[in-house]
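Q: Letter by letter, the chains look like this.
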Amino acid sequence: MSRERLSGRDLVVWRGETAVLDGVSVSLQRGELLRIDGENGSGKTTLLRVLAGLVEADEGDVRFEGARLPRARDALNAALLWIGHRPGTSESLTALENLRACAVTHGVRPDPRRIGEALDALGLQGRHALPVASLSAGQRRRVALARLALEPCALWVLDEPLTALDARGLDWLRERLSEQVRSGGSVLMTTHQPLEIPGIAMSTCRLAGGRTVDA
Amino acid sequence: MSDTGSAARAPRPEETRGAPIGLLGGGTALLRRELLVGLRSPGQWLNPLLFFVIVITLFPLGIGPEPSRLATIAPGVLWVAALLAVLLSLDTLFERDRADGVLEQWVLGSLPLTVLVLAKVLAHWLASGLPLLVLSPLLGLMLGLPVEALPVLCASLALGTLTLSLTGAIGAALTVGVNRGGVLLSLLVLPLNVPVLIFGASSVAAAAEGFSPSAGLTLLAALAALALSVAPWATAAALRIGVGSAGQG
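In order, the protein sequences belong to chains A and B.
For this note's numbering, count along the first sequence from 1 and bump the result up by 680.
For this note's numbering, count along the second sequence from 1 and bump the result up by 56.
Pulled out of the complex, with its shape left as it was, chain A reads as follows (with noise of 0.2 Å):
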């Protein structure tokens, strides 16, 4: 069996005249961590978007172990953990009652006990029952990252998960990604702040208008 998780080939998404990805082929393997690199209006956030089964490619296709998209994408959402740059929680719920539903949402019956431990470790005590948008930016942040601890997935997708965070999410959220890269899990991120993570596998690949180009 192949150690390929997810795949894409010779992308290409137009927006009007012109290509957002022009040809763009990334692969991440199991037990690795990818980080698409490139300034603002590269295509970076397209490009996930294409790889998470959001967007469809105009050209090219995307495989997830092997199978194809549009066929492959129960077994792709099954495994796949997708936190973009909007938090994915309603401003109007609370940080548990967001985190309960984000369970729900991926086919699993929440643990309350666990989110409260997660977003204990995460520095949030005593803000659980706080509706999100009375939380700062970096809270909120916090809360969407949260399900990292929470829902295993064989898979991540996180578009700058780095922003609005300090020093102490910055340590957490490391020690989670290389959990999951150790375990055998990939990442795929993009990121503009330099990122080490000592002792795994990471690779990165750079993109500017829309193609990849050496480092």
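Simulated from the structure, these hints should not be mistaken for lab results.
Here a beta-carbon is modelled for each residue, glycine too, at the ideal position from N, C-alpha and C.
Incorrect hints may appear among the rest.
Claimed, not checked - To give an idea of the chain B side of the interface with chain A (calculated C-beta under 10 Å), a few residues:
#1 Gly-74
#2 Phe-115
#3 Asp-153
#4 Leu-246
As the list claims (entries may be wrong) - If you want the footprint, here are the derived chain A segments under chain B, 3+ residues with CB under 8 Å:
#5 755–764
#6 769–775
#7 779–787
Fit chain B to the known structure of chain A by using the hints.
A: Frame of chain A; chain B shown alone:
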């Protein structure tokens, strides 16, 4: 559970996956979530209700308090006001969830999107259709509708508003992420709503004049069954497209 409390916590992804939640369990959990959201932002369900009450109380003021004249227009007025009130509440059906990124999570989740859509629509009906239904006998009496026609009014509104919520969800999903999609939404949904209005108002009018309302009610029930069997799938498909195209980062 692999909750042994060991120092090195590196659970394998497959092992710690929580207990699966069935379709029914997932659906009810999400219905509860939607109702909770509605409860926290009362404008969502209060606005359509207020609109309904205001429109209907304005009619006697506008055309005069003559009971016979009011009684003849009552079925039509009640039904038009109910239809517009539901239409008014559809704008925001998916919009906030799209902006918050919740829709993305739904599209990528493992629970079927149709279950999520059904929970959403049911919550919408409970928040917008049901309050109209509860208040309608009172407003019907105010317009001089005979008491015998009131149960028919309620029954027709129950079936009708459910259909309106279901078809409205298709329109709301198609216009997800469209700037000021409200007008477009009304244009899309109105043709689908016209039969509901015709059969709804005619069944109430028939009951008010002492005829049997069963023809209109049966057709309303048929429309509701049709909408229930088609709309969730159509809405889910439209949401997939809408989430895929809307909102670039």
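Q: Which of the listed hints are not met by the structure?
A: Per hint list: 2 and 4 violated.
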